[in-house]
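Colleague: Spelled out from the first residue to the last, the chains are:
Protein chains: 2
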Amino acid sequence: MTLTGRELRSTLAEDGILTISLENVVVGDPGDDEVVVRVEAAPINPSDLGLLLGPADISSLTSGAGGGIAFTVPQGRLAGAIGRLGQSMAVGNEGAGTVVAAGRNVSHLEGERVGMIGGAMYADYRRIAARDVIPLPEGASAADGASMFVNPLTALGFVETARSEGHKAIVHTAAASNLGQMLQKICLADGVPLVNIVRSEEQAQILREIGATHIVNSKEHDFIAQLTDALEQTGATIAFDAVGGGTLGNDILQAMERAATRTMSEYSRYGSDTFKQLYIYGALDTAPTVLDRVSFGFQWGTGGWLLFPFLRKAGQDVVARMRARVVDELTTTFASRYTKVIGLAQALEPDILRTYERKATGEKFLIDPTLG
Amino acid sequence: MTLTGRELRSTLAEDGILTISLENVVVGDPGDDEVVVRVEAAPINPSDLGLLLGPADISSLTSGAGGGIAFTVPQGRLAGAIGRLGQSMAVGNEGAGTVVAAGRNVSHLEGERVGMIGGAMYADYRRIAARDVIPLPEGASAADGASMFVNPLTALGFVETARSEGHKAIVHTAAASNLGQMLQKICLADGVPLVNIVRSEEQAQILREIGATHIVNSKEHDFIAQLTDALEQTGATIAFDAVGGGTLGNDILQAMERAATRTMSEYSRYGSDTFKQLYIYGALDTAPTVLDRVSFGFQWGTGGWLLFPFLRKAGQDVVARMRARVVDELTTTFASRYTKVIGLAQALEPDILRTYERKATGEKFLIDPTLG
Numbered sequence: 164m165t166l167t168g169r170e171l172r173s174t175l176a177e178d179g180i181l182t183i184s185l186e187n188v189v190v191g192d193p194g195d196d197e198v199v200v201r202v203e204a205a206p207i208n209p210s211d212l213g214l215l216l217g218p219a220d221i222s223s224l225t226s227g228a229g230g231g232i233a234f235t236v237p238q239g240r241l242a243g244a245i246g247r248l249g250q251s252m253a254v255g256n257e258g259a260g261t262v263v264a265a266g267r268n269v270s271h272l273e274g275e276r277v278g279m280i281g282g283a284m285y286a287d288y289r290r291i292a293a294r295d296v297i298p299l300p301e302g303a304s305a306a307d308g309a310s311m312f313v314n315p316l317t318a319l320g321f322v323e324t325a326r327s328e329g330h331k332a333i334v335h336t337a338a339a340s341n342l343g344q345m346l347q348k349i350c351l352a353d354g355v356p357l358v359n360i361v362r363s364e365e366q367a368q369i370l371r372e373i374g375a376t377h378i379v380n381s382k383e384h385d386f387i388a389q390l391t392d393a394l395e396q397t398g399a400t401i402a403f404d405a406v407g408g409g410t411l412g413n414d415i416l417q418a419m420e421r422a423a424t425r426t427m428s429e430y431s432r433y434g435s436d437t438f439k440q441l442y443i444y445g446a447l448d449t450a451p452t453v454l455d456r457v458s459f460g461f462q463w464g465t466g467g468w469l470l471f472p473f474l475r476k477a478g479q480d481v482v483a484r485m486r487a488r489v490v491d492e493l494t495t496t497f498a499s500r501y502t503k504v505i506g507l508a509q510a511l512e513p514d515i516l517r518t519y520e521r522k523a524t525g526e527k528f529l530i531d532p533t534l535g
Numbered sequence: 164m165t166l167t168g169r170e171l172r173s174t175l176a177e178d179g180i181l182t183i184s185l186e187n188v189v190v191g192d193p194g195d196d197e198v199v200v201r202v203e204a205a206p207i208n209p210s211d212l213g214l215l216l217g218p219a220d221i222s223s224l225t226s227g228a229g230g231g232i233a234f235t236v237p238q239g240r241l242a243g244a245i246g247r248l249g250q251s252m253a254v255g256n257e258g259a260g261t262v263v264a265a266g267r268n269v270s271h272l273e274g275e276r277v278g279m280i281g282g283a284m285y286a287d288y289r290r291i292a293a294r295d296v297i298p299l300p301e302g303a304s305a306a307d308g309a310s311m312f313v314n315p316l317t318a319l320g321f322v323e324t325a326r327s328e329g330h331k332a333i334v335h336t337a338a339a340s341n342l343g344q345m346l347q348k349i350c351l352a353d354g355v356p357l358v359n360i361v362r363s364e365e366q367a368q369i370l371r372e373i374g375a376t377h378i379v380n381s382k383e384h385d386f387i388a389q390l391t392d393a394l395e396q397t398g399a400t401i402a403f404d405a406v407g408g409g410t411l412g413n414d415i416l417q418a419m420e421r422a423a424t425r426t427m428s429e430y431s432r433y434g435s436d437t438f439k440q441l442y443i444y445g446a447l448d449t450a451p452t453v454l455d456r457v458s459f460g461f462q463w464g465t466g467g468w469l470l471f472p473f474l475r476k477a478g479q480d481v482v483a484r485m486r487a488r489v490v491d492e493l494t495t496t497f498a499s500r501y502t503k504v505i506g507l508a509q510a511l512e513p514d515i516l517r518t519y520e521r522k523a524t525g526e527k528f529l530i531d532p533t534l535g
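For the protein sequence lines, the chains are A and B, in the order given.
Sequential numbering from 164 applies to the first sequence in my numbering.
Sequential numbering from 164 applies to the second sequence in my numbering.
Take these hints with a grain of salt, some might be off.
List of simulated lysine-lysine pairs, DSS-like, C-alpha gap at most 30 Å [to be verified]: (1) A:Lys348 / A:Lys476; (2) B:Lys476 / A:Lys331; (3) B:Lys382 / B:Lys331; (4) B:Lys503 / B:Lys522; (5) A:Lys476 / B:Lys503; (6) B:Lys331 / B:Lys503; (7) B:Lys522 / B:Lys382; (8) B:Lys522 / B:Lys348; (9) B:Lys476 / A:Lys476.
Chain A is faced by these chain B residues, among others (derived, beta-carbon under 10 Å) [to be verified]: (10) Ala244; (11) Gln250; (12) Tyr433; (13) Ile443; (14) Ser458; (15) Gly466; (16) Ala498; (17) Tyr501; (18) Thr502.
Calculated directly from the structure, the hints in this document are not laboratory data.
Idealized CB from N, CA, C, for every residue including glycine.
Please construct the entire structure, taking both the sequences and the accompanying hints into account.
Modeller: Okay, here's the thing in structure tokens:
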């Protein structure tokens with residue numbers, strides 16, 4: 164059999180033109196340990212947009228060659244993307260679908276509905292190593308399994324990281340996201356206090372409905388005071404921040420320090436003995452991170468948090484335990500909500516692209532290539 | 164015997180007036196495991212100035228009550244020092260001198276010349292636990308032993324930290340300092356490549372004379388390019404930064420990332436797989452730290468580095484090994500240079516205070532209370 168299908172590609176040329184197009188590609192027969200999956204659901208995550216659109220200026224959208232679309236990347240932003248210049252890149256971190264062909268060592272997967280991770284999911288078919296797919300539980304749809312890797316493993320990874328680094332409670336920003344809701348459910352189940360930072364009452368309400376008790380709105384005038392109280396009550400000394408840019412991370416470290424010094428008996432000009440950790444895992448704000456160290460002493464750390472390096476460090480046993488939990492709680496703890504399901508070709512329609520590119524809270528797109 | 168002596172004190176009152184004065188205090192007899200040391204040498208380190216002067220406005224210097232001096236702390240800076248308000252604080256992290264009285268369990272120390280750490284060294288006498296003193300080797304003067312803790316253990320601690328976190332070469336800023344020279348000597352002896360960042364040709368020359376091979380001047384127009392080359396040659400992925408504020412730390416992380424991506428075969432929008440660590444151990448610039456994460460991906464960490472938390476984490480065996488090396492190499496690797504020796508009362512003279520407060524490179528003051 165020679166299976167062919169469409170595959171979405173993003174290419175940034177040397178002249179700064181970024182083109183998104185659908186290419187017809189030959190899928191190829193599966194190797195002994197591979198399967199070919201018909202993609203039926205693939206989410207559009209912020210992390211996918213980073214590769215899809217790169218540093219392009221969205222307002223420059225025009226129609227491109229062969230039915231594609233094109234953007235201009237401002238000269239000043241090209242340096243950060245130098246490594247991808249001239250390469251046609253497949254997009255889509257994760258997805259789900261039905262196995263239509265399986266190699267001889269994994270023939271038991273034939274016909275199974277599976278979730279999968281590994282890139283190039285915005286396509287009709289994906290040939291993939293069997294170890295990178297997970298059969299879905301009975302009754303779960305492709306949409307149920309489309310986001311079973313990145314968000315669930317990230318949320319579980321936050322709790323694992325907090326525990327292994329000796330923290331007893333967690334702070335999370337942009338906390339009403341799908342990921343944030345999963346994290347809140349995990350923390351409730353596991354008895355880990357969680358301080359949720361949101362930017363609107365609407366977001367606070369989403370979290371309240373799933374049982375969140377510590378919710379702080381960064382738009383309120385006494386945000387820092389409210390946050391400090393929540394940190395003192397919970398003892399949270401580790402934060403996972405999706406925003407990254409500006410002063411939010413600094414505000415969190417400062418509030419942690421204030422909460423810590425409330426109980427200090429002796430002055431130290433190096434600040435409290437409480438170690439405060441800020442992990443930046445997203446870039447909702449790409450501006451520089453500004454850390455006013457004077458406000459939080461010397462006992463602090465910050466850094467990037469990425470899922471795959473975390474999984475490598477955590478080791479096979481931990482990862483196997485995490486994956487099993489995701490399957491068990493796929494339609495409860497790890498349920499994702501999508502506001503719109505589109506076909507693969509629709510992902511290139513200007514109005515639709517502008518909508519999912521906005522990354523509005525609560526809005527989440529799912530691509531189903533079988534829709535066209 | 165009732166021994167009395169002078170002790171330098173710094174007091175920040177609620178109204179924002181910071182007073183420095185010499186108090187006459189009763190030293191008290193040593194406990195069973197204590198000694199009383201006549202202080203003969205105590206360095207003025209940047210870390211001492213932080214406690215001595217707090218956030219005072221130096222230009223506001225006036226004479227204070229009882230022969231002391233006084234400063235005004237601007238209202239906006241009082242919040243950061245709230246923990247010390249109203250407390251009379253003794254100053255001086257480390258020093259050296261002669262044991263004039265010893266408790267019954269440590270009588271072998273009587274008459275010995277020792278180095279010591281523990282604060283309150285700007286005084287005629289210091290009563291101190293015997294475990295916090297180290298007898299000086301034969302022939303070493305009090306000046307030789309005055310700085311045998313903070314700088315030597317910090318320099319050794321950098322190398323220990325780099326090794327234990329899996330880095331094979333080190334970057335250091337403000338690298339021509341006494342501490343920086345010790346670090347360069349250790350790195351040469353231990354075969355650890357060191358990239359020195361300085362701000363003048365004069366500083367570069369100081370390091371060249373002790374055998375430094377990688378020296379980059381941050382004032383030169385192609386600083387980032389030179390730094391990137393040095394990082395590629397050495398493979399340095401950990402930096403210890405005395406400056407803290409502004410964009411120097413960012414420049415280092417960015418150059419590490421550029422050096423790493425030079426050898427990457429595959430593009431990743433999360434940046435290179437190379438983990439880059441920046442430790443901030445000083446505050447020569449108290450401005451906020453600005454981190455432009457776009458330029459160095461997600462594989463990075465930064466944080467405060469402080470000697471005492473490091474020593475606690477390193478454990479007794481490591482610390483004992485480090486202390487033994489300091490004694491062995493006290494007048495070679497760990498030799499400190501002082502440009503001026505002053506009496507205790509002179510530390511309060513306005514012109515002298517303004518000079519040591521400037522923290523100019525190469526300039527270092529030693530207090531010898533026996534001079535008056």
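Colleague: Hints first: check each against the structure and report whether it holds.
Modeller: Hints, verified against the model:
| no. | hint | verdict |
| --- | --- | --- |
| 1 | A:Lys348 / A:Lys476 | holds (24 Å) |
| 2 | B:Lys476 / A:Lys331 | holds (20 Å) |
| 3 | B:Lys382 / B:Lys331 | holds (26 Å) |
| 4 | B:Lys503 / B:Lys522 | holds (13 Å) |
| 5 | A:Lys476 / B:Lys503 | violated (51 Å) |
| 6 | B:Lys331 / B:Lys503 | violated (37 Å) |
| 7 | B:Lys522 / B:Lys382 | holds (19 Å) |
| 8 | B:Lys522 / B:Lys348 | holds (22 Å) |
| 9 | B:Lys476 / A:Lys476 | holds (21 Å) |
| 10 | Ala244 | holds (8 Å) |
| 11 | Gln250 | holds (6 Å) |
| 12 | Tyr433 | holds (6 Å) |
| 13 | Ile443 | holds (7 Å) |
| 14 | Ser458 | holds (7 Å) |
| 15 | Gly466 | holds (3 Å) |
| 16 | Ala498 | violated (27 Å) |
| 17 | Tyr501 | violated (24 Å) |
| 18 | Thr502 | violated (25 Å) |
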